[in-house]
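Asks: Whenever a hint applies, use it, and build me the whole structure from the sequences.
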Amino acid sequence: MKLERSKDWYERRIALEGNAEIGAGMPPHCRANAAEAANVKPLETRIAFGTFVELWRRNHGWDAVRLAKEAGLNTEEILEIERNPQSEPEPSAVYNLARLFKLPSQVLLELAGLIEPRTPYLRDAAVRFAARSESMASLNQNEREAFEAFVSAISEIPQRR
Amino acid sequence: MQESRVYLKEMATGQLVEASLLDEITDRHLAMWIDTWQPVMEERCRGRKPGDRPEDHHWDWKLKADGWRPLLGYHSFAITCNGELQGLMLACDFKSARIPAQFGKPIVHVEFLATAPWNRPEFQTPKRYSGAGTVMVAAAVELSWQLGYRGRIGLHSLGDAEEFYRDKCGMTELGNDAAYQGLMYYEMTEKKAEYFRQTH
Amino acid sequence: MEDNEKRTMTLNLTPREMAVLEELAAKKDLSKTGVMRLALRLLQAVDAKIRMGQKMMFEDEKTKEKSEMVLI
Chain W
257 MKLERSKDWY ERRIALEGNA EIGAGMPPHC RANAAEAANV KPLETRIAFG
307 TFVELWRRNH GWDAVRLAKE AGLNTEEILE IERNPQSEPE PSAVYNLARL
357 FKLPSQVLLE LAGLIEPRTP YLRDAAVRFA ARSESMASLN QNEREAFEAF
407 VSAISEIPQR R
Chain C
156 MQESRVYLKE MATGQLVEAS LLDEITDRHL AMWIDTWQPV MEERCRGRKP
206 GDRPEDHHWD WKLKADGWRP LLGYHSFAIT CNGELQGLML ACDFKSARIP
256 AQFGKPIVHV EFLATAPWNR PEFQTPKRYS GAGTVMVAAA VELSWQLGYR
306 GRIGLHSLGD AEEFYRDKCG MTELGNDAAY QGLMYYEMTE KKAEYFRQTH
Chain U
3 MEDNEKRTMT LNLTPREMAV LEELAAKKDL SKTGVMRLAL RLLQAVDAKI
53 RMGQKMMFED EKTKEKSEMV LI
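Just so you know, the sequences run in chain order W, C and U.
Each residue of the first sequence is one higher than the one before, counting from 257 in our numbering.
Each residue of the second sequence is one higher than the one before, counting from 156 in our numbering.
Each residue of the third sequence is one higher than the one before, counting from 3 in our numbering.
Accuracy of the hints is not assured; some may be wrong.
Claimed, not checked - Within a straight-line C-alpha distance of at most 16 Å, the following computed EDC-like cross-link-like pairs (lysine to aspartate or glutamate) qualify: (1) C:LYS347 <-> C:GLU328; (2) C:LYS260 <-> C:GLU342; (3) U:LYS64 <-> C:ASP332; (4) W:LYS263 <-> C:GLU165; (5) C:LYS346 <-> U:ASP31; (6) W:LYS258 <-> C:GLU179; (7) C:LYS260 <-> U:GLU24; (8) U:LYS66 <-> C:ASP332; (9) W:LYS263 <-> C:GLU173; (10) C:LYS260 <-> U:GLU25; (11) C:LYS250 <-> C:GLU266; (12) U:LYS30 <-> C:GLU345; (13) W:LYS325 <-> C:GLU197; (14) C:LYS260 <-> U:ASP31; (15) U:LYS51 <-> U:GLU70; (16) W:LYS258 <-> C:GLU158; (17) W:LYS358 <-> C:ASP215.
Said to hold, decoys possible - Chain W residues, not near chain C, derived (Cβ > 12 Å throughout): (18) ASP380; (19) ALA387; (20) GLN397.
Unchecked claim - What the simulated footprint calls covered on chain C by chain W, stretch by stretch (three residues with Cβ under 8 Å from a Cβ of chain W suffice, anywhere in the stretch; the number is not a length): (21) 157-166; (22) 171-183; (23) 263-277; (24) 282-291.
Since the hints were made in silico from the structure, they are not lab data.
By construction, the Cβ of each residue, glycine as well, lies at the ideal position given by its N, Cα and C atoms.
Replies: Given below as structure tokens:
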């Protein structure tokens, strides 16, 4: 597609834009609302999500402060995600974590209960994972296996937008 | 893939400078986004509460590209100037108009439109270049024209752009859209599109 | 839009199909070719969503009642 306008046209039109900030599109909170509208009951998968975030962090030898820094989040947000499944995380926080973990954001959003469940077997896998994982100072063999199996399971799920 | 010569205004000098509009976001643009745009955005988000972050900070253009590239109904655009990325847009061409006079007729819907952080007053004032938003709206109108949609376009405005779309582009405000987190939805009529293309 | 090299095909339609095509062309303010191309783009986009495991839903604006459109 070719856009052909005179220089005068740009002069006039850009004067109207001035110093305004121009953007359009889907904001970060829509997905949460969509999940709310769909009456999603996310508690079980959200427990797995919190556990997963915690184990990922510990597997890297990071504390919550380091994870928050690397993900561009507040430490309180990380602790809330790890410890309070009743609390709904911000979609943007989940996006940041997905980017850091190099995992599909859609699957993590689904685990966090921010979008309607649609990945077959994800809930079951999440519940099994949460059940096998216990909070300990360092990952034991069982936890490491559970963690790695879950990473592998979510990595294999095709990415969605 | 076609390139158009467009203009942006360098705010520091007040001069129009030549820029390039490409009707496809290429891998080169995505690499520029990753190397220059995304780090600035991440730095901006660091330590800020979610509500204080730019509304589009989570948009992953690289991930989005994998989704839209095989689809005929999506059209992507990139603006570059002086070797730097200045704006990105993704539009789709199969949505329907909502204004009663053109209800049900196809429009070009702007799915995502973002200007580079350095072209936003939130990051630097005055912004480095003005006009990336204008060029993108012009591109959407032109695409609509070429598809036979007579310039009809629609979009959901982010942030502070409502006045720009309503008062400067002449788009009709159609209320808050519950499906888009209550964002204001705007549509351009054929008549306004013609006016936008030609005179102002 | 970059495909300047266009291919021509003959499309055989029944009278009913042609009537629908003409009606849609009038409603959408498009040529009959425009309608067919729009239909192709729309079907491809919907098919891609369905393949990703998503559903196509319609919502009644007044009642907010949702119904799923099943695509064959």
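Asks: Compare the structure with each hint and give your call.
Replies: Hint-by-hint comparison with the structure:
no.	hint	in the structure
1	C:LYS347 <-> C:GLU328	13 Å, holds
2	C:LYS260 <-> C:GLU342	12 Å, holds
3	U:LYS64 <-> C:ASP332	14 Å, holds
4	W:LYS263 <-> C:GLU165	14 Å, holds
5	C:LYS346 <-> U:ASP31	15 Å, holds
6	W:LYS258 <-> C:GLU179	12 Å, holds
7	C:LYS260 <-> U:GLU24	14 Å, holds
8	U:LYS66 <-> C:ASP332	14 Å, holds
9	W:LYS263 <-> C:GLU173	10 Å, holds
10	C:LYS260 <-> U:GLU25	13 Å, holds
11	C:LYS250 <-> C:GLU266	10 Å, holds
12	U:LYS30 <-> C:GLU345	13 Å, holds
13	W:LYS325 <-> C:GLU197	11 Å, holds
14	C:LYS260 <-> U:ASP31	7 Å, holds
15	U:LYS51 <-> U:GLU70	13 Å, holds
16	W:LYS258 <-> C:GLU158	7 Å, holds
17	W:LYS358 <-> C:ASP215	12 Å, holds
18	ASP380	26 Å, holds
19	ALA387	30 Å, holds
20	GLN397	34 Å, holds
21	157-166	holds (count 7)
22	171-183	holds (count 3)
23	263-277	holds (count 9)
24	282-291	holds (count 8)
Against the hints set out earlier in the document, no violation occurs for any number.
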